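*Asks:* Here is what each chain is made of, one letter per residue.
Number of protein chains: 2
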Amino acid sequence: MTSYLLDHPRHLVSLSFFADRYGAAKSSISEDLGIIKQTFETQGMGTLHTVPGAAGGVKFIPHASEEEAHKFIDNLREQLAKSDRLLPGGYLYLNDILGDPRIVNKIGRLFASVFTDRKIDVVMTVATKGISIAYAVASYLDVPVVIVRRDSKVTEGSTVSINYVSGSTKRIQNMVLARRSVEEGSNVLIIDDFMKAGGTINGMISMLEEFKATVAGIGVLVEAEDNSEERLVDEYISLVRLSEVNVKEKHIEVEEGNYFKYAKPLKIEE
Amino acid sequence: MTSYLLDHPRHLVSLSFFADRYGAAKSSISEDLGIIKQTFETQGMGTLHTVPGAAGGVKFIPHASEEEAHKFIDNLREQLAKSDRLLPGGYLYLNDILGDPRIVNKIGRLFASVFTDRKIDVVMTVATKGISIAYAVASYLDVPVVIVRRDSKVTEGSTVSINYVSGSTKRIQNMVLARRSVEEGSNVLIIDDFMKAGGTINGMISMLEEFKATVAGIGVLVEAEDNSEERLVDEYISLVRLSEVNVKEKHIEVEEGNYFKYAKPLKIEE
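Residue numbers (UniProt numbering), protein chains in the order written: chain A, 1 to 270; chain B, 1 to 270.
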């Protein structure tokens, strides 16, 4: 049952389903669920919510404890501050971090943990770097992912294309999204790996307007200071923040993002 | 312990680690591991391998049973055969399937199950569509992912670039990979969503030669018939196979791929 619940987060599972699946009485299923709930909570992984009634059951609500989040983000800050990550133009090499499924899954659980109370139908990101994080978040929220591209490909079918202005370089850029990928009225969580002025994310917001969809939230792994002017995006959640990048002296300073302003303790039912 | 093992597949975990973590005696840990092993096996999810000795412990080996694989692949065939997927040029719209984390995770477990015996250090794919499957496979194999791109970006750092000939259109194309992403001598599993003549996968093989790395295996979700000439890639594992695509009559026929030639029953220790 533990692994079934972990595989189906935020999904209501009835006691009869488990009783049939394991050929056990509902009373012993219910007892075992109590133990699982306790284990999830002790481990800080999440909890089980019980929905009473005939159409009821249990739901696994994933969570990351504040302690776990602090530990993880501190470690991330350390890894990001290594000077050999620094690339021309003040960009950071992130491929190794974004390529590690264990790190990516943890990032996913952290974001799922702060966004779990919101109504979210789909996670959206832009190719290529944000994709792994978007899938991890979507896995924990049990919703699909849609990917915005810079170029239109035949395999997308008909697409909606918009122009947007990149925040830092002020260049006009293009992004496309398959027409059938987002339904009208959807609540969309935007996830990306990196945000400077916020031009790309602003582009995704404009794209969602075309689809008459709503922005349910914005999560970015790394936010960078942008001195040139004010940020194009207001409300977002970041795990870490590059406060100083000195290309000449190969020095990077990484702070906590605004994540802990939004992180809440796990709501536990008695 | 169940969720820890699920999160760290193919990773040796010592009994003392669990004993410390849960403040329990090794004997009761060992007893519980016996129950977990049995549950994994009954559910067809995998098994626990025991490594004896002082440096020993247990390893979770993920697996998909043949019954589960048949059920999943049959369902996939049905979904793929829907005529509204058909795009100009005989391509198929796959975004909805590749965007569903639950489906993608299952595909990942199926591939991990056939490749688990091989020595694999890293999973490689090409942007954009193969990425979600590659991460799912890599999660189950507990190895990192590297992504080949069509265009070089500043955030990749220095890259290796090669030209290759696309199998179906015979056009010369370009792919790039960040220089620091693959170590010399690595064993690399290539994963992609779609293979026609195999030009792109052949390109990835050439790329690996540049990195002095070895191809440990090739997995594709959908293989398509290519009548024009022989396939450029010999040994690969596919889940499904498009045997007929008739754009005019909007008819798609989808068969099982060669997956079951490679799928083995789970090796269970007594």
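Since the hints were derived computationally from the structure, they do not count as laboratory data.
Fair warning: there could be bad hints in the mix.
To be verified - Just the calculated beta-carbon pair ranges, DEER-fashion:
{"id": "1", "chain 1": "A", "residue 1": "Asp-84", "chain 2": "B", "residue 2": "Val-160", "range": "54 to 64 Å"}
{"id": "2", "chain 1": "B", "residue 1": "Asp-32", "chain 2": "A", "residue 2": "Thr-169", "range": "49 to 59 Å"}
{"id": "3", "chain 1": "A", "residue 1": "Thr-169", "chain 2": "B", "residue 2": "Val-160", "range": "52 to 62 Å"}
{"id": "4", "chain 1": "B", "residue 1": "Arg-171", "chain 2": "A", "residue 2": "Glu-255", "range": "45 to 55 Å"}
{"id": "5", "chain 1": "A", "residue 1": "His-70", "chain 2": "B", "residue 2": "Ile-35", "range": "13 to 23 Å"}
Unchecked claim - So the derived list for chain B, only partly shown, Cβ under 10 Å to chain A, looks like this:
{"id": "6", "residue": "Ile-205"}
{"id": "7", "residue": "Val-247"}
{"id": "8", "residue": "Lys-250"}
Values in this document were obtained by computation on a predicted structure and should not be read as measured data.
Note that CB positions come from ideal geometry on N, CA and C, so glycine has one too.
*Asks:* Each hint should be assessed against the structure and marked as holding or not.
*Replies:* These are the hints, each one checked on the structure:
1. Distance hint for A:Asp-84 and B:Val-160: a CB-CB separation of about 18 Å, inconsistent with the stated range 54 to 64 Å.
2. Look at B:Asp-32 against A:Thr-169: about 56 Å separates their beta carbons, and that is inside 49 to 59 Å.
3. The hinted window of 52 to 62 Å between A:Thr-169 and B:Val-160 is violated, with their beta carbons roughly 26 Å apart.
4. The beta-carbon spacing between B:Arg-171 and A:Glu-255, approximately 47 Å, falls within the hinted interval of 45 to 55 Å.
5. Judged by the Cβ atoms, the range 13 to 23 Å given for A:His-70 and B:Ile-35 is violated: they are separated by roughly 33 Å.
6. Interface restraint check for B:Ile-205: the shortest CB-CB distance to chain A comes to about 20 Å, outside 10 Å, so the restraint is violated.
7. At a threshold of 10 Å, the smallest CB-CB gap from B:Val-247 to chain A is about 12 Å, leaving the interface hint violated.
8. Interface hint at B:Lys-250: violated, since its Cβ lies 14 Å from the closest Cβ of chain A, which is beyond the 10 Å cut-off.
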